[in-house]
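Student: Below, each chain spelled out in residue letters.
There are 2 protein chains.
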Amino acid sequence: MTNPVLVEVLRGAIIESAHRGAIAVFDADGKPVWEIGDTARPVFPRSAVKAIQALPLVESGAADAFGFGNRELALACASHSGEPAHVELARSMLAKAGLDETALECGAHWPSSHDATLALARAGGSPNALHNNCSGKHSGFLCTCVHVGVAHKGYVKAGHAEQEMVRDAMQAVTGAAHGADERATDGCSIPTYAVPLRSFALGFARMVTTTGFGPERAKAAKRLLSACMAEPFFVAGTGRADVALMQAAPGRIFVKGGAEGVYCAALPELGLGIALKCDDGAGRAAESMVAAVIAKLLHADEILAARLLELANAPIESRIGAKVGALMPTAALS
Amino acid sequence: MTNPVLVEVLRGAIIESAHRGAIAVFDADGKPVWEIGDTARPVFPRSAVKAIQALPLVESGAADAFGFGNRELALACASHSGEPAHVELARSMLAKAGLDETALECGAHWPSSHDATLALARAGGSPNALHNNCSGKHSGFLCTCVHVGVAHKGYVKAGHAEQEMVRDAMQAVTGAAHGADERATDGCSIPTYAVPLRSFALGFARMVTTTGFGPERAKAAKRLLSACMAEPFFVAGTGRADVALMQAAPGRIFVKGGAEGVYCAALPELGLGIALKCDDGAGRAAESMVAAVIAKLLHADEILAARLLELANAPIESRIGAKVGALMPTAALS
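As given, the protein sequences belong to chains A and B, one line each in that order.
So the first sequence is numbered by the working numbering: it starts at 165 and just counts up by one.
So the second sequence is numbered by the working numbering: it starts at 165 and just counts up by one.
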């Protein structure tokens with residue numbers, strides 16, 4: 165099955181590029197509310213499921229033992245931009261567990277924030293693993309290891325106790341088997357599993373309603389999503405789509421993007437989970453898609469829907485800042 | 165018509181993302197040699213046609229008047245990375261015409277080379293229009309204006325004498341009408357025209373064979389393509405696909421990428437022109453496609469074909485540099 169075009173990229177009045185994709189919107193009972201394209205096709209969720217991957221950090225008691233509040237929990241669910249506030253918070257999380265950045269196994273890269281990269285270079289610095297966009301998640305993994313008393317070395321590998329906890333949470337929440345046949349390696353070296361797109365929509369409907377969860381998991385899921393919605397900057401960074409989307413309606417929209425054009429989202433007031441994948445992996449299109457889908461689902465709030473559609477129709481600018489085109493969600497999304 | 169998937173992106177053994185596209189290979193008599201997908205659909209060629217856009221620089225006599233050699237002509241056809249050698253060469257081209265960077269109307273941006281950006285920031289600098297990846301093309305435009313004696317102000321605008329010369333060259337070489345209905349604005353503020361993809365394949369077959377060209381145009385086309393093949397670094401920059409492709413077989417492969425997943429190419433020994441567009445605009449996929457197409461067309465040279473397929477199957481790496489996946493051209497390209 166060929167997924168439909170969901171976002172077109174216009175230059176002037178002409179379509180220059182087009183992005184196909186699939187979208188699943190589910191309720192917590194497993195009922196599909198809206199599906200576009202092949203939602204049964206397995207996709208790697210990448211960073212879009214970090215809130216589920218952070219469940220063991222809270223459920224194990226590690227988050228409480230180290231005194232983590234909304235910001236730390238948001239950072240544990242983040243693909244942050246490597247801005248100073250992100251780096252310092254990850255450092256402080258590790259310090260509370262008696263660790264430093266040398267324990268991180270995610271690898272180093274320059275901040276995804278261009279401004280943060282420039283500032284670091286101007287100061288004569290160079291990046292370490294704390295600047296990695298996944299350093300909050302990895303700090304959460306390490307804190308969990310320390311709290312439950314397992315050796316943290318190799319914590320990124322399939323089979324390590326930490327990744328087994330993460331996999332158990334992913335399987336339980338999404339209802340999809342995460343076996344070796346579905347497994348590959350994420351950019352930050354942890355396992356990532358390709359399972360049907362719709363499983364993630366169901367998973368986030370469960371996360372936001374806690375349907376079927378025991379009391380500990382229900383509390384943890386609520387805390388993590390609430391933390392992300394309360395501190396969106398720590399989930400992403402300055403100027404990022406995830407921040408703009410969550411700030412558009414504080415407490416009413418949870419979103420988290422992942423590499424290769426994935427988004428997961430949840431809408432508390434409707435009890436719905438959303439998962440989408442742009443076929444070609446483009447982040448710009450995935451951002452437009454998730455904004456358009458949420459605008460449609462929350463259309464009753466006209467002011468909010470208009471703001472979300474503005475985000476969905478992001479401008480394309482020339483190097484002198486003139487608007488020369490725009491992204492445009494197709495009729496399939498309206 | 166839905167274009168076929170031409171490149172898949174694997175993570176482990178699983179297809180994570182996929183890129184569709186169309187490809188046209190033509191000879192100079194207008195005969196299609198190989199076509200995939202909808203090659204009649206209009207596409208903006210963006211920077212992939214800079215060698216055609218540079219014809220007036222040579223044909224007007226400006227290039228000779230200012231003593232431009234291969235490097236300057238390559239830079240006039242370039243989307244360079246803003247490395248110091250690119251910036252200094254653009255500056256010297258302008259100086260020969262009595263101008264400096266304040267005449268450039270392309271806008272400024274940080275070098276597309278990450279290393280060049282870091283070096284500039286570490287030195288306390290900031291970018292000007294010379295760092296714009298199009299500054300060589302714009303310097304060529306400005307030198308042409310000065311040489312032919314037209315006021316250069318507004319040289320980026322449709323209707324200015326310079327853009328009329330460029331449009332005339334584009335129309336004559338591609339055989340496609342470039343009217344106001346086809347026009348939009350490129351990232352560097354000049355007009356760009358969406359015409360059928362196959363026109364660009366025909367255009368580059370003509371550029372490389374000079375079929376149907378008068379003696380001045382024939383000489384100019386030969387000089388420009390030869391200059392790019394002789395000095396590929398000045399067409400792109402360190403580590404770039406265009407450089408790797410042209411260096412793989414010096415003098416036998418001309419390629420030039422453009423924004424939004426476009427490539428134009430020409431193979432002198434076969435007298436063929438190639439044009440392709442990745443539907444979704446992804447550069448990574450367009451690079452893989454052009455390498456795979458050329459590998460197929462030059463398959464008789466097995467060592468070269470193997471090198472090109474290596475470039476077509478670029479690895480995907482984790483942040484610690486482990487290979488976790490790869491791009492893979494599909495059967496449609498083999």
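Simulated from the structure, these hints should not be mistaken for laboratory data.
Check the hints yourself; a few may be wrong.
As the list makes no split between identical chains, a pair holds if one copy fits it or if it spans any two.
[Stated by the list, open to error] Heads up, simulated DSBU-like pairs for lysine-lysine below, C-alpha to C-alpha not over 30 Å straight-line:
id	residue 1	residue 2
1	487	317
2	487	386
3	195	317
4	321	195
5	460	317
6	195	487
7	321	460
8	460	260
9	260	195
10	487	260
11	487	383
12	487	460
13	260	321
14	195	460
15	321	487
16	260	386
Student: Identify every previously stated hint that the structure contradicts and give their numbers, smallest first.
Tutor: 2, 3, 4, 5, 6, 7, 8, 9, 10 and 11
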